[in-house]
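**Q** Model the placement of chain B on the given structure of chain A, informed by the hints.
Number of protein chains: 2
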Amino acid sequence: MPAMADETLFQLLHTQVVAAAYGAGRGSGDEGLRAGLTVLEGMGFRVGQGLAERLPQGALAFREELDTIKFLCRDLWGAVFGKQTDNLRTNHQGTYILQDNNFPFLTQMAWGQQYLEEAPKFLAFTCGLLRGTLSSLGIESSVTASVTSLPACKFQVVIQKA
Amino acid sequence: MPAMADETLFQLLHTQVVAAAYGAGRGSGDEGLRAGLTVLEGMGFRVGQGLAERLPQGALAFREELDTIKFLCRDLWGAVFGKQTDNLRTNHQGTYILQDNNFPFLTQMAWGQQYLEEAPKFLAFTCGLLRGTLSSLGIESSVTASVTSLPACKFQVVIQKA
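Keeping their order, the protein sequence lines are chains A and B.
Numbering-wise, this note's numbering puts 134 at position 134 of the first sequence, and it's gapless, one number per residue.
Here this note's numbering = 1-based position in the second sequence + 1000.
Treat the hints with care, as some may be off.
As the list claims (entries may be wrong) - Example chain A residues on the side facing chain B (calculated, C-beta under 8 angstroms, incomplete):
{"no.": "1", "residue": "H14"}
{"no.": "2", "residue": "R54"}
{"no.": "3", "residue": "P151"}
Unchecked claim - Derived CB-CB ranges, DEER-like:
{"no.": "4", "chain 1": "A", "residue 1": "Q108", "chain 2": "B", "residue 2": "A1019", "range": "45 to 55 angstroms"}
{"no.": "5", "chain 1": "B", "residue 1": "R1063", "chain 2": "A", "residue 2": "D30", "range": "51 to 61 angstroms"}
{"no.": "6", "chain 1": "A", "residue 1": "F62", "chain 2": "B", "residue 2": "Q1108", "range": "51 to 61 angstroms"}
{"no.": "7", "chain 1": "A", "residue 1": "A162", "chain 2": "B", "residue 2": "I1097", "range": "54 to 64 angstroms"}
{"no.": "8", "chain 1": "B", "residue 1": "Y1115", "chain 2": "A", "residue 2": "G82", "range": "31 to 41 angstroms"}
Derived from the structure by calculation, the hints contain no laboratory data.
Fair warning: this is a prediction, and the values are worked out from it, not measured in the lab.
We put the CB at the ideal spot given by N, CA and C, even for glycine.
For reference, chain A alone in the conformation it holds in the complex (with noise of 0.2 angstroms):
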């Protein structure tokens, strides 16, 4: 099927998810918009754990935290965006912040500055899915997202230290 790649078929489907988050009189107010933010980024986090757990065993026996974290930029990227994060950067202290230039989800709805607020929307899902992609090789985290200009965002990993 020409020009219908894979990657196309499961942003249409994101955008579908998104939209049911929100719609039929759910997602309105602040409480509305946490409460969506939470399902998809729960979603997100369960799809993560399916992928990683499909890895080949010990194609993840990374020794150094780093490593793991560059596997996500590279690997998890690829394998949901057809291409990898712009830069990745570090505190060494547990800190990663992973930038997308062009982040395919935004890319989609980045026909202006107004629409910023609706942002979060397109990220949770994300956010969940480096979480449950790194809880699954055993590092529990946190992850967050922010968005400065249309197209490009940031998600903040913070690795929980045991």
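**A** Quick look at chain B alone, frame taken from chain A:
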């Protein structure tokens, strides 16, 4: 990312979508089941529209209705499930039966016949997907699905004549 096929990603997200449609107290009882099916069918419809709109212009100038249906069996199934349907039958009066002997969304849940009543939840999205794709190709239809023996299923497409 080895063994992390895009179909897997899509299927994992679909599983979460089904779970969300029936989670949080929604989707219990006959009325809830129907409401969930309507939501899933609608999401499938819009994803199908989105896929069809991304096809190259001119690629879909099918002369015959049957050619359009064959396109679904071969190209749409290929893009979404990584294979073709196993069988296509028609009464040559606008009714088509697409059979998949090992439907991926059912394979995941096909541990026993006791789950047969759960099957419609895993078929509704794809009914919508077929209907939405056809709609964007200029063909209005109704699509239903049935299961006789997991994980095989049949999708019945009835073309609505103008």
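**Q** I'd like to know which numbered hints this structure contradicts. Please list them from smallest to largest.
**A** 3, 4, 6
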